[in-house]
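Asker: Residues per chain are reported as follows:
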Amino acid sequence: MSNLPIATSFLQSESFIYVLYIIAFALFIQGLRGLAGPTTAVRGNRIAAVGMAIAVVATLLNPGEGNWGLIVLGVALGAAVGIPAARNVKMTAMPQMVALFNGVGGGAVALIAWVEFRHYGSTYGTRTVHIGGELGHGVVLQTGATVQIAGVPAYVAIFSVFAAIVGSVSFWGSNIAFGKLQEIIPGRPISFGSAQQIVNLVLLILALAAGIDLVAGAHSEVLFIGMLIVAALLGNAVVLPIGGADMPVVISMLNAFTGLSAAATGMALNNPALIVAGMIVGASGSILTNLMATAMNRSIPSIIAGGFGGSGAVAGAEGAGEHAGTVRSTSAADAAIQLAYANRVVIVPGYGMAVAQAQHAVRELTKELEKRQVEVSYAIHPVAGRMPGHMNVLLAEADVPYDQLREMDDANPEFQRTDVSLVIGANDVTNPAAKNTPSSPIYGMPILEVADSHSVIVIKRSMNPGFAGIENELYFDPKTAMLFGDAKSAVSEITAELAQI
Amino acid sequence: MIIASTLTTNLAILVLAGFIGFVVISKVPNTLHTPLMSGTNAIHGIVLLGGLLLVGLPGLDGVSKGLLVIAIAFGTINIVGGFLVTDRMLEMFKAKPKPKPAAEDEAHDGEGDS
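Chains as they are written, first to last, in the numbering used here: chain D, 1 to 501; chain Z, 1001 to 1114.
Same shape as in the complex, but just chain D (with noise of 0.2 Å):
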């Protein structure tokens, strides 16, 4: 610990490192401003990238930085998994490809954490981490050196456990949620049935009981070990019994707990760009968190208690003997004459034309409607998909102007004077269920009124129920028909129909 925190030159200086985090953090809150409409929002991104260069550089800059080979390894391996992923990841695939990012994030927290408590352990009563000092006065500077034998404060200790704890729960809950979205592991839900609760609760506990341990001075790595693997499979525990209708939520959750447990990196390091940063993820992830359940007319905590999957699967079973035989089904040449007589066409996009990567099938299917004077929207459910905005982001890429896409306020009054609605994979968003059967699990859930419109085609693999495990009753509906089929080939397969009429 030679370096004192004088500085030996003005670059590395407290002062001069800390005005840069300042920026960094300044261009963080610019770019998300940027971020809030489509016009800006590229450039806000970018702001926000050259915001995260500032703040890397301004850490290299500290004098107490070393080991540039570790540095370098490091930072290659990461660029060099990360960017052939995002370069090449399809759109379709993007949720995932959140949580996975999401997940690293997290892990990085957990391992920040653990090299934190082991540095604690053997060098015990030191101060670690001075970047950013004192703040910076002078007075304050003098007195940090002498800081820096009386330990590491309480709350430092609290703030990396809590870290640890929270990173571990994250990586390996976004770890199972891309697995889910994957199909590696199965999107139903898996859980320990009615004890669920109290295997997370009790994980929980003993998360808690080892962190506090650590906290008030129990040296043992293996105790932290401990904590990481108990906050593992809590994270786990947490995921598994969720169904994929609600994946959204918890991928929006987990991007929330990383900010969280990396504005404590932060404030255990006493480092400002990492708090503000974190802190603004842990916000804004809230934020969404809160407004997918909301739209889903689920609760947080019972989402996280893991309750829609027992209790979606058995009312799934039961509707499914209720209805069993009253489906009709269609076929492409019918579907294309049906369209091409129609006024008024409202497309409903789903999850199914996402993994079929139908969006273009659908482009072409619109402009060859739109050649006959159909007049064509698309009505977009705000957790269509696996995440809000899913919808938007595949039309946008197969060039569907804006001013076609209602969201679900705005498109419902349509219905009612609509012709002719195509649902191409989507299905609890459309349910009347959620209307008028105050047994189902997703009763009060704002749905898209399809049913209202006066004839529905749905594009569908098969049968099977969807990821919530609830039967849909629009299928039964005598108004609608079922085009069974592969969402993309289905869709040409109209499409080529229609060109021949």
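Just so you know, the hints here were simulated from the structure itself, not pulled from any lab data. Do not rely on the hints blindly, as some may be mistaken.
Said to hold, decoys possible - Covered by chain D, per the in silico footprint, the following chain Z stretches (three or more residues, Cβ under 8 Å):
1. 1011-1018
2. 1033-1041
3. 1082-1090
To be verified - If you only want the chain D side, here are some residues facing chain Z, beta carbon under 7 Å, derived:
4. Leu32
5. Leu35
6. Met52
7. Val75
8. Leu111
9. Val115
10. Ala277
11. Ile280
12. Val281
13. Met387
14. His390
Quick caveat: nothing in here was measured; it's all calculated off a predicted structure. Quick reminder that beta carbons are idealized off the backbone N, C-alpha and C, glycines included.
We have chain D already, so just place chain Z on it with the hints.
Answerer: Structure of chain Z alone, referenced to chain D:
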């Protein structure tokens, strides 16, 4: 005393940052939620700084160094991947008005339904 002032200053930053996060982000339209989630994801990659700070500490053993290299790699993946993916998503939003003149004829046929 000094420690307390560092702590309280940082707590103040923490609280204010939380409020800024709420205010700035509550204005984002639904359409941009996926890119927003991806963008904020990239920003929490700032934990990379934690790895960079700790790796400079003297007296790290092999295990700590190994853990930090992984942490730095993770943080880098989070940042680089996050910003790139967000940029890709947003380019599509931004590209909308541009290709229109080229592909205009077909796209404009049935428009005017707003």
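Asker: Need the list of violated hint numbers for this structure, in ascending order.
Answerer: Failing hints: none at all.
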